[in-house]
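The whole structure should be built from the sequences, with the hints applied where relevant.
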Amino acid sequence: MDMLYNVLIDPFVMMGSAPDLLIQTLWEGLVAGVLYALIALGFVLIFKASGVFNFAQGIMVVFAALTLVGLHEMGVPALLALILTIGVMFILAVTVERVVLRPLVNQPDIILFMATFGLTYFLIGFGELIFGGNPKQMIAQELYLPQGSTDLDLFGGLVRFQHIDIAAAVIASLIIAVLAVFFSKTRIGRALRAVADSHKAALSVGISLGQIWVIVWFAAGIVALVAGIMWGARSDVSFALQIVALKALPVLILGGFTSIPGAIVGGLIIGVSEKLGEFYWGGLVGGGIETWLAYIIALLFLLYRPQGLFGERIIERI
Amino acid sequence: MSKMKSFAVGAIVCAPMLSAPAFAQDSIYVPLLTYRTGAFAGSGIHIADGMRDYLTMLNERDGGIGGVKLVLEECETGYDTKKGIECYEAVKSKNPVVMNPWSTGITLPLIPRAAVDKIPILSMAYGLSASADGQTFPWVFNPPATYWDGLSQIISYLGTKEGGLDKLKGKKIGYIFLDAGYGREPIPLLEQLAKDYGFEVKFYPIAAQDMQNQSSQWLNVRRDKPDYMVLWGWGAMNGAAVKEAARTGYPMDKFYSVWWPGDDDLRATGEPAKGFKSLNWHSADGNYKALADIKKHVVDKKLSQANPDKVGEVLYNRGVYNSMLIAEGIRNAQKVSGKKVVTGEDVRRGLETMDINADRLKEMGMEGFAQPIKLTCADHNGHLATFMQEWDGKKFVKISEPIPPMVDKVKPLLDSAAKDYAEKNAGWPKRSEACDKAS
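Going line by line, the protein sequences match chains A and B. The opening residue of the first sequence carries number 1 in the numbering used here; numbering runs sequentially from there. The opening residue of the second sequence carries number 319 in the numbering used here; numbering runs sequentially from there.
Please keep in mind that the hints were generated in silico from the structure rather than gathered at the bench. Take the hints with a grain of salt, since some may be wrong.
Distance windows between CB atoms, simulated [unchecked claim]:
| hint | chain 1 | residue 1 | chain 2 | residue 2 | range |
| --- | --- | --- | --- | --- | --- |
| 1 | A | Leu143 | B | Val434 | 54 to 60 Å |
| 2 | A | Phe90 | B | Lys400 | 34 to 40 Å |
| 3 | A | Pro103 | B | Gly588 | 45 to 51 Å |
Derived coverage of chain A by chain B (criterion: at least 3 residues anywhere in the stretch with Cβ under 8 Å from a Cβ of chain B; other residues may be distant) [said to hold, decoys possible]:
| hint | segment |
| --- | --- |
| 4 | 14-27 |
| 5 | 63-70 |
| 6 | 122-135 |
| 7 | 225-235 |
| 8 | 276-283 |
Cβ coordinates follow ideal geometry from the N, Cα and C atoms, glycine included.
As structure tokens, then:
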């Protein structure tokens, strides 16, 4: 009986008695969710264009952030380092298309998936070789990202909004909006959708597969850079960040591998649920539930909507 | 073309042999298990640099130990237990005189192998606390303090601050820890001390994959309002915890840690990190002759991988201390065995008879660097007093007198844990190794 009370009643009593903590938890969840959505978006873009689950998306977040900070440490001014990093991500996109994707055209998807494993380990080694394995401090101030926090008295308690979190939410939302418009309203976006439907059909109407892949990997690189800057500013830039990026997996299961709105809504659901779950229910089992809670939520969704929230339902004739 | 192919295949096959260090009969092989890559590299790099540089300095300055050159070889573990075991297996056949696993996770599976392979394990202030019992674990050494000593020292310090351990009654202590063997190691003692002194403990586990995503647990901290927070983190977790504490507004002067946070972990948070405290047992500066010799014979000669600015920082010095123990173990082994080129068995005896007193520290150019330490057949730890150091915004500063461990609390738990270990591992051998006179 006590257990039932602790699970079904007590958390809601706590929410009602300390609404400031509820708002703070929701805010933390939203910020984490937006960042998860941003990382998931990188996976979705590449999956839509090539049907490949890009395992390297996590390390791309680290690699992009490391390049930015590493260039700055070498004496390059922050804004120039940002531009150069965007250039590096473009070179990476071209290299991946030429060296990894092009030779594997028409190979089974699993081969391409394994190739992204290889890319992951290459980027880990290459990143460590060039910039070292030491955690680095994100140059948030030099990039004019806001510091400090705003404390609001709400419902008799204090709710703290970190300015960097507000910036993260705003910038991530803008990037998501721009990418969503770009890929749904422009000629390149239509070409991407054609490639996603069928490589052969797209080729037959003159769409350059290589060009689309470069654009998509470059866009995924930009998304990785933004995610790396924002997450790096919250903690620091280290190879541990690539593990955080794997939080995008349940987001993808939830939102569907091919849906940009799915990545956004999925990210927010996962972010908010894991924070609420850990804060209000985690203590019942000794804490630390957010590591697996996201996967449980995603699996429950899979039972009812195997294609995810907004994923395309696949019907195949037998 | 076929010749080219044969050459290429031959080159690939021979490459590992060529890259293996050349160690002859007149040298002593010391493998160093290090983690310069991966999520924990933030602490691993500085420790590895300190370890390697001290031993390299002995080679360069003194021609090794007792006239015998040391052959050093690093094996990268990434702080991953599987890779650590692979490293162990890879170096085992080269007759290593001592193994430094540099991870509690790697240490635990090596403990049963040590006696079989006759390779002593030096898990300096980490690993299995119970392995301090030399009668049960003759091949394992964990000086100068166990995690249980460390925890008792933090609680003891908090007691002093409150005006007596009895004043901890009714207080709330938060324990934020890496949810792995390392972070869980002190929990039995923490629960025992909570019962004995009447304080409440709140646990905040952080999984390795959430090391940089701790905000949920810090929301819990904000709700629970612990009077003190104790950190048991590793690698990137330490820096992230300090940052989250600052973000949450937790008072930094009530935030304490075991001895693993390094300067970089605090520097990343900037001004708000001022007041954070952690245990230590050695100096956090570079003003010692041994360190000056490292600069002269290793760093200046470009034989070091370390950033020169890091020489003398907490984690670099931690690596230096580790290598000082290795070197003293070898030196003692030469003394007790009468041999110049010693084996793992000799170094086990050397570690067991180790007595680094004040005179010896002076001889080594480390006077004041750390306290004297003496190991015996029964005590493989030394249970040194540690001190509290505080981050002043730029560096760690010593702020307390030596804090001895609560022997009366720790010793019975250690003895019982050692006994349990031997009972649970069927066929655990009774100590058959003779005890040298010097101990």
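**OP:** Run the structure past the numbered hints and jot down the numbers of the failing ones, going up.
**Re:** 5
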